[in-house]
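Asks: Given chain A, work out where chain B should sit, using these hints.
2 protein chains.
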Amino acid sequence: MKKILLIILDGLGDRPSKDLGNKTPLQAANKKNLNYLASKGMVGLFDPISPGIRPGSDTAHLSILGYDPYKTYTGRGPFEALGLGMDLKPGDVAFRGNFATVNDNFIVVDRRAGRIDNGTDELAKSLNMKIGDVEILVKEGVEHRAAVVLRGKNLSSKITDVDPHQENASVKESKPLDEKAKLTSDLINEFTRRSYKILDSHPINIERKKSGKNPANILLVRGAGIVPELEDFNKKFNLKAACIVGVPLISGICKLAGIKPISVPGATGTLNTNMENKIKYAIENLKEFDFILMNIKATDIAGHDGNAILKKEVIERADKAFEPLLEHLDEYTIMITGDHSTPCSVKDHTGDPLPVLISTSGIRSDGIDEWNEISAAKGSLRISGKDVINVLLNYSDRAEKFGA
Amino acid sequence: MKKILLIILDGLGDRPSKDLGNKTPLQAANKKNLNYLASKGMVGLFDPISPGIRPGSDTAHLSILGYDPYKTYTGRGPFEALGLGMDLKPGDVAFRGNFATVNDNFIVVDRRAGRIDNGTDELAKSLNMKIGDVEILVKEGVEHRAAVVLRGKNLSSKITDVDPHQENASVKESKPLDEKAKLTSDLINEFTRRSYKILDSHPINIERKKSGKNPANILLVRGAGIVPELEDFNKKFNLKAACIVGVPLISGICKLAGIKPISVPGATGTLNTNMENKIKYAIENLKEFDFILMNIKATDIAGHDGNAILKKEVIERADKAFEPLLEHLDEYTIMITGDHSTPCSVKDHTGDPLPVLISTSGIRSDGIDEWNEISAAKGSLRISGKDVINVLLNYSDRAEKFGA
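Listed in order, the protein sequences are those of chains A and B. Under my numbering, think of the first position of the first sequence as 223, with each following residue one higher. Under my numbering, think of the first position of the second sequence as 223, with each following residue one higher.
Just chain A, with the same shape it has in the complex (with noise of 0.2 Å):
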């Protein structure tokens, strides 16, 4: 039996660009170490979710990992919660919240409360608080932005949203979809007025007001999702299993999975992410687990960028960075894919397949040893998310007999 490295670079899938005479990123970066696993292996491409499908990192780490996207991504809720770095529990009730600006009335005055862009960490901290026997967890993000998470018996996601999506509108109650879902309607309710009461009378609104901007005077909620009940990934897969990730989405998910994080030092999550020390670490680690998922997010945030000399250079660094692994070929099995395309050309994910290599001892090669997106379709390899550990589990003779 090996130990299995699977290595998501974030985003990786490209489209010709014109900044690289017309290649991929991943065509045109030098990459003798990634050129070198491919050779001694299998490539082809991958589907994170199915063909054509648009995946965000979310839908496609779940599906990675075994667990069906389409059952257990109920809403946005949960998982802009876990990328803000919230600590969730399955039942949880999770929010996407905006701060906004409202009149005495109740109407939506700004729904973005002039895009404020300090002191949420303040005010999401003024606004946790307890109501029967529910907690209520909040926490700020990108300028307006913030997680509201309800903790407790009996929650329900099934009811509609406090926010009115518009501006110039009152602010809703929210009302249950359900007989089931009243309590946590009622509670959402109560919440969003206690926020005003809190929000409008606090110093930094009061300075607000003062200084003539729109007081982050409410936290208006939307999208309520619960947060799934995944199976066990250690049981399931029978794996002790880690994680080296940066991104708080991912890390998140992980989490609910059972798979328990490895913190590296240096490990960013961003483009100055220290990628050697990741690999040193998934090998250290690989002593004593027998699966690492490793997430490098820096070619996804150059894809956004629209940046393809950078994304090329990003997957130049990790070439380099991945040299110590290719003397365990032996021990690991190794699979190095994306979890979807991000194209310098669109700046967002897509739908393209990715390639994707498995390299380990002992295994057929596709004799291909030059790997990118083009050469990678002339490989052996046709899977999507839901088959990569199955496949995982077979080449690191891991893999139980279904049947006799």
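Source of the hints: derived by calculation from the structure; they are not laboratory data. Treat the hints with care, since some could be wrong.
Because identical chains cannot be distinguished in the list, a pair is counted as satisfied if it fits within a single copy or across any two copies.
List time: in silico DSS-like cross-link candidates among lysine-lysine, alpha-carbon distance up to 25 Å [to be verified]:
| hint | residue 1 | residue 2 |
| --- | --- | --- |
| 1 | K600 | K245 |
| 2 | K608 | K623 |
| 3 | K457 | K623 |
| 4 | K457 | K293 |
| 5 | K254 | K600 |
| 6 | K394 | K569 |
| 7 | K375 | K435 |
| 8 | K311 | K293 |
| 9 | K477 | K623 |
| 10 | K457 | K380 |
| 11 | K262 | K245 |
| 12 | K293 | K458 |
| 13 | K482 | K404 |
| 14 | K600 | K352 |
Replies: What follows is chain B alone, placed relative to chain A:
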């Protein structure tokens, strides 16, 4: 965002033909425009339903348009009726039917009424009637064939056939398969009796008897199916959709899906169809519509005829007709494939996968500039019917992101 043109060369896929030096018609064809489109994009293989399934044109088009054929194809009746150009509505119950010959005791003497080949239009017309609140519509098909549609409230397809499926047997009483179906089985039994009354004394049959031919003196129905409620295609995919389709079966499905038919002068759904006009009208209408489905039937007709040389010529005619599309790759996302293979050596549909190409500016190129069943396998596409619209939405920059 780009406009989408989906061209179905009906029955395109084939097997090697001795008449073409062991090449398929597509391999043998001179087709510079198809090759150009392929070279500018991605190619691959396509399973209309899933590998090995032998689709009808109806089930294949349902699947391609994003409707699960296993859920929407409830029986042949509705699709037979659509194929005869009848105007169906969701909830109608439709049957296939035979004009047959019975004796006075309702014993079937000839299930095909001497393969009657004229006058069935008048016979069918004489059978349109109303029983209670239910309207009954009858349309003749080829030779002795016909379709019967019941339109009204509380109808069901869960009834047994009237047709005994053999000669020298009694016409059967239709029986309800569940309680709610009794109204329908009663209706169809009453219709069968009346059909005998009307047809046996119809002038056409009196004439047939005089000249020693078997009279078409009863209409025997079978294969009850309920016309499916297809979710509106325009809403489902957020596309303003039209079709250029000469075959009633396919245009009927489009109509049920809310896809607007565009009529094109000279487009006949036969071998002599005017393909240039089809392309001209597609280009004109893509100014208004986001999506056009075009079906070219001639390839399938040549396949059913077992005429590989003709099929090659039809492909060459199509290739010429496609020339005006080449200058629209910045505006259009074009997919070309078929709905099933109709190998000339088989003269019928098979479950062999089809070559597919997607062409538009800015996407990856697989670098394959000769497009056929064999070369396509080296490309990056490997999709099935349910993926088609998702893939087209992705490559036309119209897909909504699933997740964050």
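Asks: Mind listing which of the numbered hints don't hold for this structure, in increasing order?
Replies: Hints 6, 7, 13 and 14 are the ones this structure does not satisfy, whereas the remaining hints hold.
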